[in-house]
Amino acid sequence: MAINYIYPVYEVVRDFGRCVNCKLCVGQCANGVHFFDEKKGVLRVDDAKCVNCHRCVATCPTRALKIVKSDNTYKENANWTVDSIKEIYRQAETGGVLLSSMGNPQPLPVYWDRILINASQVTNPSIDPLREPMETTVFLGSKPDRIVRDAQGKIVDNMSPQLKLGTPIMFSAMSYGSISYNAHASLAKAAEKLGIYYNTGEGGLHEDFYRYGKNTIVQVASGRFGVHPDYLNAGECIEIKIGQGAKPGIGGHLPGAKIVGDISKTRMIPAGSDAISPAPHHDIYSIEDLRQLVFSLKEATDYKKPVAVKVAAVHNVAAVASGIARSGADIIVIDGFRGGTGAAPTRIRDNVGIPIELALASVDKRLRDEGIRGNVSLVVGGSIRNSADVIKAVALGADACYIATAALMAMGCHLCRSCHTGRCNWGIATQIPELVARLDPEEGCRRLVNLVTAWTHEIKEMMGGMGINSIEALKGNRLMLRGVGLNSKELEILGIKHAGE
Amino acid sequence: MLRIDCEGKHFSQIGQMIRQTAEKEIFVDNAQGHRYIAAGVGGKNIIVNGTPGNALGAYLDGSSITVNGNAQDAVGDTMNDGLIVIHGNSGDAAGYSMRGGKIFIKGDAGYRAGIHMKAYKDKFPVLVIGGKAGSFLGEYQAGGIIVVLGIGTDSKTNVGYFTGNGMHGGKIFLRSEQLPDLPQQIIARKATAEDMAEIEKYVGEYCRYFGGQVEEILNRDFYVLTADSANPYKQLYTSV
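From first to last, the protein sequence lines stand for chains A and B.
Residue numbers for the first sequence follow our numbering, so the first one is -17 and each next one is one higher.
Residue numbers for the second sequence follow our numbering, so the first one is 239 and each next one is one higher.
By construction, these hints were calculated from the structure, which means they are not laboratory data.
Every value quoted in this text rests on a predicted model; they were computed, and no experiment measured them.
Positions of the beta carbon are idealized from the N, C-alpha and C atoms, including for glycine.
A couple of the hints might just be wrong.
Below 35 Å or equal to it, Euclidean Cα-Cα: the simulated DSBU-like pairs (lysine-lysine) are [stated by the list, open to error]:
| hint | chain 1 | residue 1 | chain 2 | residue 2 |
| --- | --- | --- | --- | --- |
| 1 | B | 428 | B | 394 |
| 2 | B | 394 | A | 247 |
| 3 | B | 428 | A | 247 |
| 4 | B | 439 | A | 196 |
| 5 | A | 457 | A | 136 |
| 6 | B | 262 | A | 196 |
| 7 | B | 439 | A | 247 |
Distance windows between CB atoms, simulated [unchecked claim]:
| hint | chain 1 | residue 1 | chain 2 | residue 2 | range |
| --- | --- | --- | --- | --- | --- |
| 8 | B | 250 | A | 9 | 51 to 61 Å |
| 9 | B | 359 | A | 286 | 24 to 34 Å |
| 10 | A | 102 | B | 248 | 46 to 56 Å |
| 11 | A | 350 | B | 251 | 30 to 40 Å |
| 12 | B | 434 | A | 71 | 51 to 61 Å |
| 13 | A | 252 | B | 426 | 20 to 30 Å |
| 14 | B | 257 | A | 129 | 21 to 31 Å |
| 15 | B | 248 | A | 298 | 31 to 41 Å |
| 16 | A | 298 | B | 434 | 49 to 59 Å |
| 17 | B | 359 | A | 88 | 39 to 49 Å |
Excised from the complex, chain A in its bound form:
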């Protein structure tokens, strides 16, 4: 019906002067954009199927392809944008909830870009990280509030279990199911090489990856998929997932069609059955209930693992974090509203939650004001895009950062935001064996290690520039930050001065 027709967003442009008819593009596109017209003897395209993932562009041996945004327009309207018009058409036709993938792409303020980092000049001289040791190791976990000595005056070890990270960066939760086996393998190998941690997400832990346990955080979410005593003991830390930045307040639903083979085995549910994670944990309606889950996990693992609680950055996140810090949890994870997802309702992804920068600043301040900051470590995620974002997060009070979208990009993700289709041409957000095989875990690992190593170099360089030789000395050091173009309320919440002050 003409009323439903939505003109393709992208146009695939083929330079026939360059194209050698090798048909590689046909095989590379799982969306079926490219096809060979036998009658005419030429390669043709169906633009409507293109998600702009650049797989064909990147693999074309003669650089004959490019993808451009269509210049087909609706009548210009600053209020009714092209996207909003198309969404109306789609919903009017289907009656369905709009579904999207990856993080919020809307032009909302990115506070990281409004914060600038300090450097030393003359006084408190900068340090050359090439010559002098720079410490980027951090320990995550609850810190004792006082030193205890025994009768002989010796210090009693009253330290809770800690996670030791060589650099304040970890790979954030992505379940096996939402991403592929090879993507998980890449993350696990890279975490081991880097001396950091990756996170299983809520889909359980594949038996092949138990050997990376020393670098694994296992997640427990409302669906409790794949959760059993061996799983809880397999990693070094247990993360309770309450919320996710991309979709605060709602649960997850992996359709039965995606519960196949190893995914069924890892989640410990029958193949073909829906995997529903209810919005809340139905045994947690209060901080006291949360405390119960924290301690039942600690009891089941003999108090050997720190327990993290992950929440989405929402309006009252500081009060929530205060409760979590009193629940017995060792680590609080806050996920900002730009955090990625394998699938989320568009309206929720784009409209619910708050920026991680503001959430982090207010949580750190609240915990310090209440004298309980030492009870917990703070880990933040939700679009940490580079090493400067890490530095700024640490200076705002974070102990470490979680990265996931950046890690996916290191493995080849081109941010086409079509994960929910399950046909990722880069072998990441798919379970189709031929597509998964495109991601070589060794290569994925190499690139992840490169990324985090490069960021760590940059972190050391920026620390050196500030005259700081230990990341611990940067933590919560907001004097190292200045805002630019921010109003006084924003500066007040961030707890930083304006540039020039």
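Once you've looked at the hints, dock chain B against the given chain A.
Then chain B, alone, in the frame of chain A:
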């Protein structure tokens, strides 16, 4: 055999004693709301005298637990395998997300019993409630069997509101005169002989623990609730 007197002890001390002992037979006496007893424990036979606290036998991995008294909330939370027998009532969320093993409650269960139960391969969770169950029984159930016998109750349904909300697998058996109000995704029918054969052994086991006549219990109307379609939410979304 190990005897633990809970009097004056913190739950973490009791947990440590249970985890560290090589004894298979453990008596936990004087329980006064001590939480997390036997969390994650496998291969033990634990008898609890008194009232254990929340999360008794959470993540239980093959032990058997007998409670001579009532249990509180979240009995057998995310239990993987084993047996829990409660000679009394249980609080809310009994058997939350249990994947395997069996829980028998002599009397009533609170709200949200058996929610998110799921089965996998040889793991098949069974929750038998002798008396009544509260609201949200079997919410989000994905597998396994929940049986509510309604023994000694005079109410017509023996369950509260919203039974089987979001259920997408498994079965709920209700021994009652009439059906409660049910969500649209649930199919309810009178139990057939085949259905009854499925639960006979569990009712038999119930009677072995708590007394009663199997025939007498089975000789009443039972309803079976199952999820309607494989994918009730499939049509909810639209994407590019």
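Now for the hints, and whether the structure bears them out:
no.: 1; hint: 428(B) with 394(B); in the structure: holds (15 Å)
no.: 2; hint: 394(B) with 247(A); in the structure: violated (41 Å)
no.: 3; hint: 428(B) with 247(A); in the structure: holds (34 Å)
no.: 4; hint: 439(B) with 196(A); in the structure: violated (44 Å)
no.: 5; hint: 457(A) with 136(A); in the structure: holds (29 Å)
no.: 6; hint: 262(B) with 196(A); in the structure: holds (31 Å)
no.: 7; hint: 439(B) with 247(A); in the structure: holds (28 Å)
no.: 8; hint: 250(B) with 9(A): 51 to 61 Å; in the structure: holds (59 Å)
no.: 9; hint: 359(B) with 286(A): 24 to 34 Å; in the structure: holds (29 Å)
no.: 10; hint: 102(A) with 248(B): 46 to 56 Å; in the structure: holds (51 Å)
no.: 11; hint: 350(A) with 251(B): 30 to 40 Å; in the structure: holds (33 Å)
no.: 12; hint: 434(B) with 71(A): 51 to 61 Å; in the structure: holds (53 Å)
no.: 13; hint: 252(A) with 426(B): 20 to 30 Å; in the structure: holds (23 Å)
no.: 14; hint: 257(B) with 129(A): 21 to 31 Å; in the structure: holds (28 Å)
no.: 15; hint: 248(B) with 298(A): 31 to 41 Å; in the structure: holds (32 Å)
no.: 16; hint: 298(A) with 434(B): 49 to 59 Å; in the structure: holds (51 Å)
no.: 17; hint: 359(B) with 88(A): 39 to 49 Å; in the structure: holds (44 Å)
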